[in-house]
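**Q** Sequence:
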Amino acid sequence: MVHRPPDSRLLTNLIHHEKDYIKHLFALFPLSHAALTSLSAYAIASPSSGSHQSSVSPSQTLTALVEVLASSDDALHRYTQAVERWREELAGLKDLEEDVGAVLRDREILQVVFRFVSSMLLIH
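The opening residue of the sequence shown carries number 443 in our numbering; numbering runs sequentially from there.
Note that these hints are calculated values from the structure, not bench results.
Since we're looking at a predicted model, the values are computed, not measured.
In this text, a Cβ means the ideal position worked out from N, Cα and C, and glycines have one as well.
Please note that a few of the clues may not be correct.
Within a straight-line C-alpha distance of at most 25 Å, the following computed SDA-like cross-link-like pairs (lysine to any residue) qualify [as the list claims (entries may be wrong)]: (1) 536 x 459; (2) 461 x 479; (3) 536 x 455; (4) 536 x 472; (5) 465 x 557; (6) 461 x 524; (7) 536 x 466; (8) 465 x 512; (9) 461 x 538; (10) 461 x 514; (11) 465 x 550; (12) 461 x 522.
Computed Cβ-Cβ distance ranges for the label pairs, DEER-style [as the list claims (entries may be wrong)]: (13) 450 x 488: 35 to 41 Å; (14) 467 x 506: 23 to 29 Å; (15) 487 x 462: 20 to 26 Å.
Generate the whole structure from the sequences, applying the supplied hints.
**A** Pasting the structure below:
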């Protein structure tokens with residue numbers, strides 16, 4: 443693979459898409475919470491006695507499912523926070539790349555000025 447200097451447009455594009463991704467992840471939480479609340483209410487209203495074939499009642503089964511889904515929501519929330527931190531790190535990297543780019547441009551300008559001044563001193 444050929445190594446090329448980093449292109450800030452690629453990093454900017456990545457940051458933009460990560461921001462959209464995070465926005466969509468955060469949009470899931472109110473919907474998930476509403477669905478989980480509804481399922482929890484349904485679990486509470488379900489029969490609490492087991493059928494003749496099973497010792498576990500529908501209410502217990504649904505309550506266990508609510509707990510699993512709540513844990514999944516918590517994990518998704520932690521994941522979303524990690525992606526947000528990743529995006530912040532990328533934004534910091536972009537700022538650093540811009541700073542390095544500015545220093546390199548300034549260095550080139552100073553080299554041109556130095557050469558010009560040196561040539562002017564040699565002429566006189």
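**Q** If a hint holds in the structure, say so; if it doesn't, say that too.
**A** Results for each hint:
Distance restraint check for residue 536 and residue 459: the Cα-Cα separation of roughly 14 Å lies within the 25 Å cut-off, and the hinted pair is therefore satisfied. Between residue 461 and residue 479 the CA atoms are separated by roughly 28 Å; this puts the pair beyond 25 Å, and the hint is violated. The suggested pairing of residue 536 with residue 455 holds, with an alpha-carbon distance near 11 Å, which does not exceed 25 Å. For a cut-off of 25 Å, the pair hint linking residue 536 to residue 472 is broken: about 32 Å separates their Cα positions.
A threshold of 25 Å between alpha carbons decides the hint, and for residue 465 with residue 557 the separation of about 51 Å lies outside it, so the pair is violated. Between the alpha carbons of residue 461 and residue 524 the distance comes to roughly 12 Å, so the proposed pair stays at or under 25 Å and holds. Annotation: proposed proximity of residue 536 to residue 466 holds, straight-line Cα distance about 23 Å (limit 25 Å). Under the criterion of a C-alpha separation no larger than 25 Å, the hint pairing residue 465 with residue 512 is consistent with the structure, at around 20 Å.
For the suggested pair residue 461 and residue 538, the alpha carbons sit about 19 Å apart, so the restraint of at most 25 Å is met. Between residue 461 and residue 514 the CA atoms are separated by roughly 22 Å; this keeps the pair inside 25 Å, and the hint holds. This hinted pair does not check out: residue 465 and residue 550 have alpha carbons roughly 41 Å apart, beyond 25 Å. In summary, the hint linking residue 461 to residue 522 is supported, as the alpha carbons are separated by about 11 Å, within the 25 Å threshold.
Separation of residue 450 from residue 488 is about 56 Å and departs from the stated range, judged on CB atoms against 35 to 41 Å. Distance hint check: the CB atoms of residue 467 and residue 506 are about 26 Å apart, consistent with the given range 23 to 29 Å. For the hinted restraint 20 to 26 Å between residue 487 and residue 462, the CB-CB distance of approximately 39 Å leaves it violated.
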